[in-house]
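Asks: One-letter residues, chain by chain:
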Amino acid sequence: EAEVAQSPRYKITEKSQAVAFWCDPISGHATLYWYRQILGQGPELLVQFQDESVVDDSQLPKDRFSAERLKGVDSTLKIQPAELGDSAMYLCASSSRTGANTGELFFGEGSRLTVL
Amino acid sequence: GQNIDQPTEMTATEGAIVQINCTYQTSGFNGLFWYQQHAGEAPTFLSYNVLDGLEEKGRFSSFLSRSKGYSYLLLKELQMKDSASYLCAVRDRGNDYKLSFGAGTTVTVRA
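Protein sequences appear in the order of chains A and B. Residue numbers for the first sequence follow the numbering used here, beginning at 1 and rising by one. Residue numbers for the second sequence follow the numbering used here, beginning at 117 and rising by one.
No wet-lab data here; the hints were simulated from the structure. Even for Gly, the Cβ is constructed at its ideal location relative to N, Cα and C. Check the hints yourself; a few may be wrong.
Here's a subset of chain B near chain A, in silico, CB distances under 7 Å, partners left out [unchecked claim]: (1) 155; (2) 159; (3) 161; (4) 164; (5) 185; (6) 186; (7) 194; (8) 213; (9) 214; (10) 218; (11) 219.
Please model the complete structure; the sequences and the hints are all you need to start from.
Replies: This is the structure we're talking about:
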C-alpha cells in the first residue's frame, strides 16, 4: 500500500539552530500539504503545493520557515532559526484529484520536533 | 476561513455508542471529513460528507446538515481500540482543497 514518507521521525534541537524535514508523497499525488500540530490541538495548515507551485502559505511564518517542492514530487520544510514555540508534530499529507475520489488527505507518520 | 467547534473530551463504556458533534462556519463549504488520530500517530481518514444525510461505514456513521453547519460522527459498539482523538475537518471551496481542522475530541473507552 502506498504511503507518504517523512523523515526524520524525531528531531531534538537547540533554539536558534536550523532544522529541516523531508516528505515524499504518494506517487501521482499532485497536492502536497505541510501541517503543524501542537499537542492537544488540531493540525494547522502551513503550506499547500499544487505540483511545484505554492497554493497557500498564508499561515507560514516566512521570517523563519521556508518550504519547497522543486520538481513537484518530494518536499522539504525548513526552520531557521528554531524557537521554543516551534516544538510540535510536523505532518506532511498528499491528495489526488483524479477520478471520483473525495480528495481525502493521506498523512505521513509525522516528524516530532523538540526545541530546547 | 472556518470556525470549527467540537467537544474537547468524551468518555464512554465498551460496547456503548458515542456521538461526537461538530459545528462549523465557512464561506464556501466543499465537504466535511472525519479523521481518527491515535496518540503519537498521524490522522487516518474515517468518513466524508458533501451532501446532507447519513453516511454509514461499518461501526462508524457520519451525518451532515449543510443548512445548520452541523455534523456528527457516531461510533457504535465501542471497542477499547477506538480510544483516540477524532478530528472534524472542513474543505473550503474558495481555496483549492484546503482542509481546516477542528481541535479534536478525545474519546476514552472504558471497560
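Asks: May I ask which of the numbered hints given earlier this structure violates, with the numbers listed in increasing order?
Replies: 1, 5, 6 and 7
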